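Number of protein chains: 2
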Amino acid sequence: MSKTFKIGIIGLGQIGNYLYQELNLKKKDILIKTGKKIKIIGISAKNRNKKRKYKINKNIFYSNPLKIINLKPDLIFEVIGQPDGISKKIVETALKNKIHVITPNKALIAKHGNKLGKVAEINNVNLEFEASVAGGIPILKTIKEGLATNKITKVSGVLNGTTNYILSEMENSNLNFKEVLTKAQKLGYAEPGNPKLDLNGYDALAKVRILSSLSFNSKISLNKCLMEGIENIDLKDIKISNQLGMRIKLLGLTELINGKLFERVHPCLVNKKSYIGNVNGVMNAIILKGKPVGVNILQGEGAGPEATSSSLLSDLLSILKGGIKKPFGISYSKQKKLRSYNLNNYSNSLYLRFEVKDVPGVMSKITDKLAKFNISIKRLIQTPSQKSKKATIVMITHSTVELNIQRCLKMINKDKYILKSPTLIRIFN
Amino acid sequence: MSKTFKIGIIGLGQIGNYLYQELNLKKKDILIKTGKKIKIIGISAKNRNKKRKYKINKNIFYSNPLKIINLKPDLIFEVIGQPDGISKKIVETALKNKIHVITPNKALIAKHGNKLGKVAEINNVNLEFEASVAGGIPILKTIKEGLATNKITKVSGVLNGTTNYILSEMENSNLNFKEVLTKAQKLGYAEPGNPKLDLNGYDALAKVRILSSLSFNSKISLNKCLMEGIENIDLKDIKISNQLGMRIKLLGLTELINGKLFERVHPCLVNKKSYIGNVNGVMNAIILKGKPVGVNILQGEGAGPEATSSSLLSDLLSILKGGIKKPFGISYSKQKKLRSYNLNNYSNSLYLRFEVKDVPGVMSKITDKLAKFNISIKRLIQTPSQKSKKATIVMITHSTVELNIQRCLKMINKDKYILKSPTLIRIFN
Numbered sequence: 049m050s051k052t053f054k055i056g057i058i059g060l061g062q063i064g065n066y067l068y069q070e071l072n073l074k075k076k077d078i079l080i081k082t083g084k085k086i087k088i089i090g091i092s093a094k095n096r097n098k099k100r101k102y103k104i105n106k107n108i109f110y111s112n113p114l115k116i117i118n119l120k121p122d123l124i125f126e127v128i129g130q131p132d133g134i135s136k137k138i139v140e141t142a143l144k145n146k147i148h149v150i151t152p153n154k155a156l157i158a159k160h161g162n163k164l165g166k167v168a169e170i171n172n173v174n175l176e177f178e179a180s181v182a183g184g185i186p187i188l189k190t191i192k193e194g195l196a197t198n199k200i201t202k203v204s205g206v207l208n209g210t211t212n213y214i215l216s217e218m219e220n221s222n223l224n225f226k227e228v229l230t231k232a233q234k235l236g237y238a239e240p241g242n243p244k245l246d247l248n249g250y251d252a253l254a255k256v257r258i259l260s261s262l263s264f265n266s267k268i269s270l271n272k273c274l275m276e277g278i279e280n281i282d283l284k285d286i287k288i289s290n291q292l293g294m295r296i297k298l299l300g301l302t303e304l305i306n307g308k309l310f311e312r313v314h315p316c317l318v319n320k321k322s323y324i325g326n327v328n329g330v331m332n333a334i335i336l337k338g339k340p341v342g343v344n345i346l347q348g349e350g351a352g353p354e355a356t357s358s359s360l361l362s363d364l365l366s367i368l369k370g371g372i373k374k375p376f377g378i379s380y381s382k383q384k385k386l387r388s389y390n391l392n393n394y395s396n397s398l399y400l401r402f403e404v405k406d407v408p409g410v411m412s413k414i415t416d417k418l419a420k421f422n423i424s425i426k427r428l429i430q431t432p433s434q435k436s437k438k439a440t441i442v443m444i445t446h447s448t449v450e451l452n453i454q455r456c457l458k459m460i461n462k463d464k465y466i467l468k469s470p471t472l473i474r475i476f477n
Numbered sequence: 049m050s051k052t053f054k055i056g057i058i059g060l061g062q063i064g065n066y067l068y069q070e071l072n073l074k075k076k077d078i079l080i081k082t083g084k085k086i087k088i089i090g091i092s093a094k095n096r097n098k099k100r101k102y103k104i105n106k107n108i109f110y111s112n113p114l115k116i117i118n119l120k121p122d123l124i125f126e127v128i129g130q131p132d133g134i135s136k137k138i139v140e141t142a143l144k145n146k147i148h149v150i151t152p153n154k155a156l157i158a159k160h161g162n163k164l165g166k167v168a169e170i171n172n173v174n175l176e177f178e179a180s181v182a183g184g185i186p187i188l189k190t191i192k193e194g195l196a197t198n199k200i201t202k203v204s205g206v207l208n209g210t211t212n213y214i215l216s217e218m219e220n221s222n223l224n225f226k227e228v229l230t231k232a233q234k235l236g237y238a239e240p241g242n243p244k245l246d247l248n249g250y251d252a253l254a255k256v257r258i259l260s261s262l263s264f265n266s267k268i269s270l271n272k273c274l275m276e277g278i279e280n281i282d283l284k285d286i287k288i289s290n291q292l293g294m295r296i297k298l299l300g301l302t303e304l305i306n307g308k309l310f311e312r313v314h315p316c317l318v319n320k321k322s323y324i325g326n327v328n329g330v331m332n333a334i335i336l337k338g339k340p341v342g343v344n345i346l347q348g349e350g351a352g353p354e355a356t357s358s359s360l361l362s363d364l365l366s367i368l369k370g371g372i373k374k375p376f377g378i379s380y381s382k383q384k385k386l387r388s389y390n391l392n393n394y395s396n397s398l399y400l401r402f403e404v405k406d407v408p409g410v411m412s413k414i415t416d417k418l419a420k421f422n423i424s425i426k427r428l429i430q431t432p433s434q435k436s437k438k439a440t441i442v443m444i445t446h447s448t449v450e451l452n453i454q455r456c457l458k459m460i461n462k463d464k465y466i467l468k469s470p471t472l473i474r475i476f477n
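Same order as they appear, the protein sequences are chains S and L.
Here the first sequence is numbered in our numbering, starting from 49 and rising by one per residue.
Here the second sequence is numbered in our numbering, starting from 49 and rising by one per residue.
Don't take each hint at face value.
When chains are identical, the list treats them as one kind, so a pair holds in a single copy or across two.
Said to hold, decoys possible - Think about it this way: if two alpha-carbon atoms lie no more than 20 Å apart in a straight line, the pair counts; the simulated SDA-like pairs of lysine to any residue are: (1) K369 <-> N172; (2) K435 <-> V407; (3) K84 <-> N265; (4) K202 <-> K426; (5) K231 <-> I345.
Think of the hints as simulated: they come from the structure by calculation, not from any bench.
Every value quoted in this text rests on a predicted model; they were computed, and no experiment measured them.
Pulled out of the complex, with its shape left as it was, chain S reads as follows:
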């Protein structure tokens, strides 16, 4: 029998606590599968005495997480989840002490992954983060291993369960954004305090950054890129999309355009009959395009302690089976540095909604400006409000260059007959 493999868990929130329980329950399973005996030798959290779902062994509790490093564990789980601060300090210190690290912390990896990956590689230890993207879907291993040697050209998907739940629920229940958000918070699908990072696309963008790096064998990009959330999606947009046979989804996308990296997160109109149009509720889904494999789709639960723990444990097994893996599939020294694609040049069909005063000549004023910027209309729906002297105008454009629409909307927005900043939703193709 080989010596016991010692584990520390730092962070005992919902995920850390569930993981703690799973590790204890699955010791025997893990022994059978890997021949290794594991033991949790240290745990740490802010609050020792907080009420937790699964009882912890307080004899191995340390208020200062860095003390766990001193116990010389073979591996630590970092499940605090900060993009910097103590999370970064713990991970970096562990790696430098040749301790393997597993973390679901997407914010940390998206921000400091380049550096931490290098530290891991130099110290010849593993840094694994399967759970950081799409919870229980083993998407990172699929890219690094299952589809290794494929040339991946595009990755897109529903990467945030909170926003997907809210959009689905708005459609199903006919409630507006704020009402559904409150409901989501009650159900635990959205953070009770500050759900902003889910809603504004930040969470999905961190995942996109990680996916890009693995898919294109490149450094994680820290460049500015298109990030729009769902805060401005109105129930009206959901209803009109529905009439058009479409549904709104917050998508994360990354692709190479002429060798340049194009990463983005924004609401998209997708066909209701398409695969992605039917990924509803808290589900996550990812569509990969690669050569020679073609299109691969993966779907599963994107969050929650169960799904996250599935990925954390799969990382653990991979490490227990032995061998040091490069955190990003290839050596940091071989990762490309990609230049960013200029969003201004991006051309796409668009959904535009204008809220206007219902007076003569409004439509011609809008269409005149659109024409000026070479924007042509494919479809138009005008709905007057019967009570007020207002109207809603929705247009679907033909393929339109981003720079043009931004300039045009800026100009239209100045006009007095415009009652609200126009809504723009890109159409997924």
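Place chain L on chain S using the hints.
Positioned in the frame of chain S, the structure of chain L alone reads:
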């Protein structure tokens, strides 16, 4: 630089030939990802001079594949595809000579996997077969690694592209089985000579056997089990299903029922609006249920040289990165031997189609017998043929025990008013 990793390819049909080309094209990529230089040192096929899409180096061609073993390669690809014979001989001999083996040969693994896995383990070499199930979908790695430590309870899916294409095309084109089969053969979606092993469910069942073993950590079962193909699916069944809001799919399923293994392949009626109801054409899809991960779905191209090659190369990379893996995830000595679930006890809702003489009393004769066997009807459609004195009766039953329906149909089948053996399609739930 480490020494060159020597590779042999045995079998140069569509897949072997494409693989040969890919290995040559991706040498540099593989070097970057693994630090290993690969070289093809021997190739073998029945016919040296056959016209092939990608030109082969005839200087390394051997008519006798066993001679390649004598060259002491580090690894061979077995891409002949027989369930026994030369395929088995090559794989076994290679493993015994401590040569790694990669194969897409599902028939071989389903039949001899238990033995070959043991030989690989004893000789401390790798035997990998990702491409044997669902082509380009990395489902085996997903089960062995990505979802390791999950308790998988059920796996179901569209595992055969040929039959899925035929069923989709019958629906789309309104052509009957034979006409569509001819079309599929022309397009290369069905084997021109003998497509039987695809059509009768044998191919899908081999995949089910492999999936069971990995999912349940058990020996590959060689027990008899339910295997029905699509040869008896009539255009009429497709049309009626359509009216019922359903679609016919040939599904492979495996699950544990009270600790007993229940493996089967048969046509299923699935809801048109469900996920699996929309996996059309040559696509493959797999639905995994596991704890704690929940439901995971994977979809991709199930066949063809490109998809298959993607999986063959992913196996190669896994081996080049080092470490010996157990072919079935755990040691052969730890694999359980599962007893089979008794099909007779299986209870499910059924679609039944009777072709009868259109004479008074027929319906009551049928329903009497159904009642005798405790089979109750949920829905009934009777369509008389206007020209002939025939009628088609379709019934959807409530949950019905398999033994009962088999006995009942046997009895009904004896009656003179029955013009054809009744059609039975199980409803997927």
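> Which of the numbered hints are not met once you compare them with the structure shown?
Replying inline: Result: hints 4, 5 break, sorted rising.
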